[in-house]
Amino acid sequence: MTLIWILLATFSAGIISITAAASLSFKLLTRMVDSMVSLSVGILLATTFWHSLPEAFKEAQASVDTLFSLLLVGILFFFFLEKVSLIRHNHHHEGDGHNHHEGHDAEYAGKSGWMILVGDGIHNFVDGILIAAAFVSDPKVGLITAIAIIAHEIPQEIGDFMILMNAGFTKLRALIYNLACGLLAVVGGIVGYLFLDHSAKIIPYLLVFASSSFIYIAVSDLMPQMHRRIKIKESLKQMLMIGIGVGIVIGLSLIQN
Numbered sequence: 001m002t003l004i005w006i007l008l009a010t011f012s013a014g015i016i017s018i019t020a021a022a023s024l025s026f027k028l029l030t031r032m033v034d035s036m037v038s039l040s041v042g043i044l045l046a047t048t049f050w051h052s053l054p055e056a057f058k059e060a061q062a063s064v065d066t067l068f069s070l071l072l073v074g075i076l077f078f079f080f081l082e083k084v085s086l087i088r089h090n091h092h093h094e095g096d097g098h099n100h101h102e103g104h105d106a107e108y109a110g111k112s113g114w115m116i117l118v119g120d121g122i123h124n125f126v127d128g129i130l131i132a133a134a135f136v137s138d139p140k141v142g143l144i145t146a147i148a149i150i151a152h153e154i155p156q157e158i159g160d161f162m163i164l165m166n167a168g169f170t171k172l173r174a175l176i177y178n179l180a181c182g183l184l185a186v187v188g189g190i191v192g193y194l195f196l197d198h199s200a201k202i203i204p205y206l207l208v209f210a211s212s213s214f215i216y217i218a219v220s221d222l223m224p225q226m227h228r229r230i231k232i233k234e235s236l237k238q239m240l241m242i243g244i245g246v247g248i249v250i251g252l253s254l255i256q257n
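Reminder that position 143 of the sequence shown reads as 143 in the working numbering, one-by-one numbering, no gaps.
To be clear, the hints were calculated from the coordinates, so they are not data collected in a lab. Even glycine gets a Cβ: it sits at the ideal position worked out from N, Cα and C. Any given hint could be a false lead.
Computed cross-link-like contacts, DSS-like style, restricted to lysine-lysine with a CA-CA straight-line distance of at most 25 Å [claimed, not checked]: (1) Lys201 / Lys58; (2) Lys83 / Lys140; (3) Lys171 / Lys58.
Restraint ranges, calculated between C-beta atoms of paired labels, are given here [unchecked claim]: (4) Thr2 / Lys237: 25 to 31 Å; (5) Ala200 / Ser235: 40 to 46 Å; (6) Arg229 / Phe195: 46 to 52 Å; (7) Lys233 / Val141: 31 to 37 Å; (8) Leu8 / Lys58: 52 to 58 Å; (9) Gly243 / Thr170: 18 to 24 Å; (10) Leu194 / Leu72: 39 to 45 Å; (11) Ile244 / Leu143: 46 to 52 Å; (12) Thr170 / Ile244: 22 to 28 Å.
Whenever a hint applies, use it, and build me the whole structure from the sequences.
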């Protein structure tokens, strides 16, 4: 019976958060993609430094040096992943007689989209393990944990949708891939239930690796886009949206605590 509750909770956590985020993103925010890039930066960085990394360092049995080393390796890994994508793209279009500028070609722009999906998938997998651990401890605690995860996932998923659309994904494609990532919470729930003692030990490492993707995307892809708009009014709007993104994540974290 516990496994059934875990499956229902993890499925709901993934689907509800993504559906809510998609509804808000597609109906209210698609005309404001440029502004939402700034909001995404705030959400990604706040999720990383206020939620994921503190949780990883608090729970880890490994040394701080090991976790920071993994964070560095993760950032370099996503740099390598992006470099391979760029090389492949340039080779593919070499001599085709077309001028492809950044932000125009969907295949080129999609590099950040694939990276955010990797990080989000890992994060959802960890959420599934956490829900399973809570249900094994106490079904009531499991339910509260699932609700808390849904609450903090919604703003992050909104940020993910904005990044995917900014990277050239269609609405349908962004929704399908996000739903697939959301189902990794179910996989995490099953793994957590069957191998709780072992899976709990790897959570900090998975959180750190997922955090490396969020940091890399925010700093290397989204912020440079924001620097292209240098007017004072636009810059102030960007800082305001970053602050709102950070405030949303911190506010939800404080409510959950």
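Looking back at the numbered hints, which does the structure fail to meet, lowest number first? 2, 3, 4, 7, 8, 9, 10, 11
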